[in-house]
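K.L.:
Once you've looked at the hints, dock chain B against the given chain A.
If you're matching them up, the sequences are chains A and B in order. Residue 77 in the numbering used here sits at position 77 of the first sequence, with consecutive numbering throughout. Residue 204 in the numbering used here sits at position 204 of the second sequence, with consecutive numbering throughout.
Since the hints were made in silico from the structure, they are not lab data. Glycine included, each C-beta is placed from N, C-alpha and C at the ideal position. Among the hints, a few may not be true.
Said to hold, decoys possible - Sample of chain A residues facing chain B (criterion: CB under 7 Å; computed from the structure):
| no. | residue |
| --- | --- |
| 1 | I167 |
| 2 | R169 |
| 3 | L186 |
| 4 | L190 |
| 5 | L246 |
| 6 | E251 |
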Amino acid sequence: MSTPHGPQPRGRSRQRFGTTHRFGTTQWSVVLAAGGSDTGIARPALATLCEVYWYPLYAYSRRRGSEADEAADLVQGFFTELIEKSAIAAADPERGRFRGFLVTSFRRFVSRQQEHDSAAKRGGGVAVLSLDFAHGEQRYAREPADTSTPERIYERRWALTILETVIVRLQDEVVRGGRAELFDSLKCYLDGSTPVPAYADVAERLGMTVGAVKVSVHRLRRRYRDLLRATVADTLTDPAAVDEELRHLLEAVRG
Amino acid sequence: MPDPTPASDDRPAGLDPEGLLAAGLDDASVGAADIAEHFPQYEIQGLLGEGGMGVVYRARHRDLDRVVALKVLPPGVDRRPGFAERFRREARALARLEHPNIVRVYDFGETEGLYFLALEHVDGVTLRDLIRDGEMEAREALSIVPQICDAIQYAHDQGIVHRDIKPENVLVSKGGTVKLADFGLAKLIDPDAADPTLTRQGQVMGTLHYMAPEQLETPNDVDHRADIYSLGVVFYEMLTGELPLGRFDAPSQRVEVDVRLDAVVLRALEKQRDRRYQRAEHVKTAVHDLESAPAPVPAQRRGDAPRDSAFCSMAAWSLTFGLIALVLLLASWVVVLFDPTWQGIGIAGNCHLWALVTAVIGLVLGGVAWLRIALGRGALTGVRIAAWGTLGPLVLGPLLSFVGHVYVLAPAHGDLFARAQQVTQGQRHISPPEGIQLVSEVSRLWRLGRDQARHPADLSGLESVYSAADARSIRDLTDEQRERLRQRRDLGVPLLDLSQLHEPPESYRRIHRITLDSRGDRGVVEILANNWGVSFPIVRTEHGWRFHVGTVSEVRIADPALRGGGR
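Chain B on its own, in the form it takes in the complex:
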């Protein structure tokens, strides 16, 4: 193979072979097994994590019986001149930081070339875990940010800039306390490079996004305001789940949050540090002012976010069902207005039934939509839709239904009832409920008879003809049958103009008259079409109104009693 640099066999391409090999190591640091022998005072209990700043072990100080997070800096950090001195100076400053929201530094030092920090062990998760787990509620973010502000402000007051604030460095304990970690380590480990995490492959791009513009452009001129920018990025990510890249939207345009938060986040994210908040505590104050002042109406988003599409469609369906219910109700009126017969009433009744079903569905969907609004997850558009969707079936439905019953259905029923009341042979009046029952029973008989008459083969006897009001079936009778029918004078009203029947309209039929005897338990029903009619006897039994021959099912059977001239 060709030798790239023949003159320096020990330095491939003039580079340090040790560094080259170390760069290929998976963790670029010392393995967990090796670490224990370097720290006899600690019992290494496991690996907590690893990153550009080294590897972190969970360890217990044997004498103090204190669990710590033992952070071992990457081997080779001391290759740069003056590192040892700088490490001591910085770590000492960090150890002086004493704040409830800052991870404590208990101990630090160097052992056999390994630089380490013994840090407070926080039992919890990183903010990165929380963000990754799913959408954070705005109020959750609003409880975390002030704590970060406190920590940063305190450190800034001590003259320490974090330089690497990112969700990975924000720990949230099980009790909800926020603890900021890795203060100043970015500068310590790579003071010359603007990007402190280049030591770790793959993390560089992620970390760059949290850096203030001046950290990239003029790394030697970075002050505490870089932390405020990073805080802004973290804040933005917590609210929206995304990074503020390029020409990013204000938070309220992406998610439903208090529109006043936009100003706070965007000011922290100002590219010019002079235009940012100048102190971390100002961010905290701004957030607190927001929380104490009454929230305005939630900002309407530019288009509904995907998470609300389900809600919107639910509200829209509610509205749709509400409208269907209304249409059905209106249709039932129209039917009854134009066809005030038992048939029209039957259709209207079906319309009412379906109106009721759709109204209930609309009501349920609307209710769910309202529930989501109550839980603070609804968009304004959805609110309007749900309002209409539930208003329709809830308010207009019963109202229109009531009006319809009073002014349309009741009169129609009354008309039929009045006809049934035309008692000529006897003088006994029946009560309205009885009359309505009579009408509905008669209409049922009519349907039965008509269905049966559709099968002319069944017309084995005259008795069926009485219910076979279908014009065609009557016309198809044999001459003999017609003659026998004419002779049935005892039934009161015989067929009218039977010979002239051609194609009477099927649709227009009405009960012409129901004649009851003096006891009101038997009589004759006369049914008229345009130019024909039929009448048949009825009788009241304990099961309701029947054909005079007996139960309805017996209609199908040729009944000798009827053939024999009736009772």
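Chain A extracted, bound-state conformation:
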């Protein structure tokens, strides 16, 4: 029963970085394309990525046995080296995914640090990122104390970080449009599994027609989907691999 194909994902311009809309490009490809040289675009892009995804790395480090201070130092030191020295290994097999690249590079960084045992160097450089490690530690304290491996907690946190980022951005957009209440009422329709109120009830509560609620839900879902896919694409060199990455993340949160 052939049905026509759904709408194709919107084409993403790779050249729109730095415009008002951050999601128009794959940031990771921008970073890699620079090949370590400072193009004025690559470094801020890498910094932005690190700012978003530092917590999974922190959780990974903690789960590996580092104390809070040590983990914070390692993460900060790693980012400093990464951003300041643009130390991106050209032949890194994990280059296609920022997720894989980050954790692999971090592992190498940590082992290098341990070899030289140069604790004095850790954090010795000027911190290039302002990261709230105190808050991070609070969060880590809430992580389930199960037997998850560092890798699993890293991946799970990565997936959740993406979702949190996307939802905050989506909420920002809606609230900026003056519809804060709308987002709160309609967000439950986003995941397709949370029990949802009938459209009619929502419509009554918001003083809208049922049709208008449906259209709003539809728009919210579409925008959410676009943001999610764009955010995931930002961590990939190949935007076409978004589905694959999403399935991987789906596995990660299931685990």
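P.N.:
Chain B only, in chain A's frame:
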């Protein structure tokens, strides 16, 4: 980054992360590569399509060697409580549907969390493809609709409402058989929501348009009449290529279809379901009644649709050319009536020639227009225009031309011929054809002579003067030339009142007389203007009438024979 909901790190904004991630997947379903391992009994041969109802693969049942369309419902459909039970119940009911116009359900079930249906594989296209490919002929739509009616009626009799009839769900096999797919799946997959395809981004708006108003307003109170509304939308779209949105026009106002179809389509599209057809078979009956009863004159559209503008302009051009041909014919009469000379006849002849050309063009254009009418693509306005356009050159043209020849041109010719017949020196009469040939030849000589006389420098000898009837050139002769001209008595008629010539009207010239000798093969032509005239000898040769000195081309050359006093 700020944490939206610090209290629940595992549930962003209190939502299920699995569902959130799955919502971002391109197909929200399992990929083709993954599917094969779940269905060892099938050989997955390829992807047929995907939509809100899941993904459809072309698959071959290994044991039965039967090609099926394997429909895998979106993962997660079973998140709602009681889904498994409902799926079994509904699928069982669907499997009982056995109708030539309904896609068969061969098998269904659940394997490792994936719900699937093995459906009859239809080798063909969807109605959406047909509509997208271009304008559907009304009779094509009229052959499809009854089959949909049959399918719906049968299902309704079994207590099953489709709920999602749209062109995507209507399959047309290569043999032209219509098969309705996805019966009842809309309700199965999302029983609470009025809109079953919200699971699929982007399709919601398209699908909403096929839904009956009550499906949107009171989704829990929907009966089989919702299908009849959807059928009406599909019917309308097939006929017009557009959706019946807002205050839409009746089909016959948009395209040229039987005006009686309007009532059928509009009744199916009634907002109040009590006012619709109550049974699908009633729609079919209405369509059949239409086809069996003689069709009335096609309704005139409110303005011609764009597709007919080419036709109309073609018919209009046909009419224009026809009119031009008529005007030219009339002009040729007028010319001859007021100037019954060889010159007038020449102009009239040109008019006739052009009338003929334009009439032929008009005829071709009119013919094409008529052909389009014959193929059922013409509008009534166009018919009228084409009728006039072809009637003009076809009927009036030859008629007027005939009248003109008999009553105007023939007498005019006859007059000239009669003048040519004034044989004074000899008594031999020449036949009318010969006479007409003589007249036309003389007029040709006249033109030649006149053209030559426009160049006074060429008047090197008197001999040219004979053909140089242009008054100005004669006046410009030297006294010596004039004197020599006067002495040419042997030519019969010398120049008349040559000295008094001033500005004789160029336009009024006529052959005054042609005098032939007894053998009828040589003579003298006298040409008169208002107050002057000229005469010159002519001779008949095997090539026709010539100046007496020889061929026409020799006129340009000063001829010693003529100078020497002629023959």
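K.L.:
For every hint, state whether the structure bears it out.
P.N.:
Verification of the supplied hints:
1. I167: holds (5 Å)
2. R169: violated (10 Å)
3. L186: violated (11 Å)
4. L190: Because about 6 Å separates L190 of chain A from the closest Cβ in chain B, which is inside the 7 Å limit, the hint holds.
5. L246: Since chain B brings a Cβ to about 5 Å from L246 of chain A, closer than 7 Å, the hint holds.
6. E251: violated (10 Å)
Of the numbered hints listed earlier, those contradicted by the structure are 2, 3, 6.
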